[in-house]
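*Asks:* Listed below, chain by chain, are the residues.
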Amino acid sequence: MSTAETPKRSMRTPLGRVRNLGAAHSGTSDFWRQRITGVAMVVLMIPALVIIMTLHGSNQAGAKQILGSLPIAIIMVLFIVASAWHMKIGMQVVIEDYVHNEKLKLAAIMLNNFFSIAVALASIYAILQLSSGV
Amino acid sequence: MQVYRWTLTMALSIVHRATGIALYVGTLLLAWWLIAAASGPAAYGHVQAFTGSIIGRLIVFGYTWALMHHMLSGIRHFVWDLGYGFKANEREALTWGALIGGIVLTVLIWIVAYAIGGGR
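Residue numbers (the working numbering), protein chains in the order written: chain U, 1 to 134; chain H, 1 to 120.
For reference, chain U alone in the conformation it holds in the complex (with noise of 0.2 angstroms):
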């Protein structure tokens, strides 16, 4: 197809034109979902910081007896999904700033990938074992 008598006038909508573009190739939906992740932890934060304050100093029974309870494990759970995804998000942001070699690019965007996910199912598996584990 010739792209050289393109017309003022395009019949692309705007969400097309923004789709899979970026160095990632997936268009605009990580800036979208960094900012729902951001919102979320804003809002999860006075509870989470609550939660851990409070078990500043506690023992593990302690400790496993609070986090066990059904609604602060379904905080934590919710702060650290909203987390690992605004994190894996930032850091690939990063890396897309600054590595410029392709492979490297790629390699690093996926140990990205590994990382937060791995650490966000560590939390929660762990998590699930305080709720379930009595």
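Hints are computed from structural coordinates only; laboratory data are not their basis.
Among the hints, a few may not be true.
Derived list of chain U stretches under chain H, where covered just means 3 residues or more per stretch with a C-beta under 8 angstroms from a C-beta of chain H [as the list claims (entries may be wrong)]:
#1 33–40
#2 60–72
#3 80–91
#4 118–124
Residues from chain U shown here face chain H by an in silico Cβ test under 8 angstroms; the list is partial [said to hold, decoys possible]:
#5 Met45
#6 Leu49
#7 Met53
#8 Thr54
#9 His56
#10 Val94
#11 Ile127
#12 Gln129
#13 Leu130
Restraint-style ranges between C-beta atoms, simulated for each label pair [stated by the list, open to error]:
#14 Gln65/U - Gly52/H: 14 to 22 angstroms
#15 Val77/U - Ser53/H: 27 to 35 angstroms
#16 Val104/H - Gly16/U: 41 to 49 angstroms
#17 Ile117/U - Gly56/H: 24 to 32 angstroms
#18 Ala115/H - Glu102/U: 47 to 55 angstroms
#19 Arg19/U - Tyr114/H: 44 to 52 angstroms
#20 Ser69/U - Gly52/H: 19 to 27 angstroms
#21 Gly16/U - Ile116/H: 51 to 59 angstroms
#22 Gly83/H - Glu102/U: 33 to 41 angstroms
#23 Leu78/U - Asp81/H: 20 to 28 angstroms
#24 Tyr114/H - Ile46/U: 15 to 23 angstroms
In this text the structure is predicted, and so the values were computed from the model without any measurement.
Quick reminder that beta carbons are idealized off the backbone N, C-alpha and C, glycines included.
Since the structure of chain U is already known, use the hints to place chain H on it.
*Replies:* Structure of chain H alone, referenced to chain U:
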């Protein structure tokens, strides 16, 4: 050749990234703590020995500041995303707010945590 002046907002942009990277690595500590709590008293004791040491306390204090600063600095970005706060004095005010607010919140959190937890 100095084409432009180094501004506060530029410096804080780097700090936002640096704190983000620090928080990224620091999630290992959060995961370790949760896994230890699920594992048992011995594993939990190791975490407490670490977080109770001087280096451990410094790391957790630094982590608290990174979290608070990154959050306030991020809220500043939300304000900009919504299209407000772009005038020179507004930019500066938001940035100073994040900088000072992050330090104040960090100190407050530690005072409250020691008041509740009794300093162990």
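*Asks:* If any of the earlier hints don't hold here, list their numbers in rising order.
*Replies:* none
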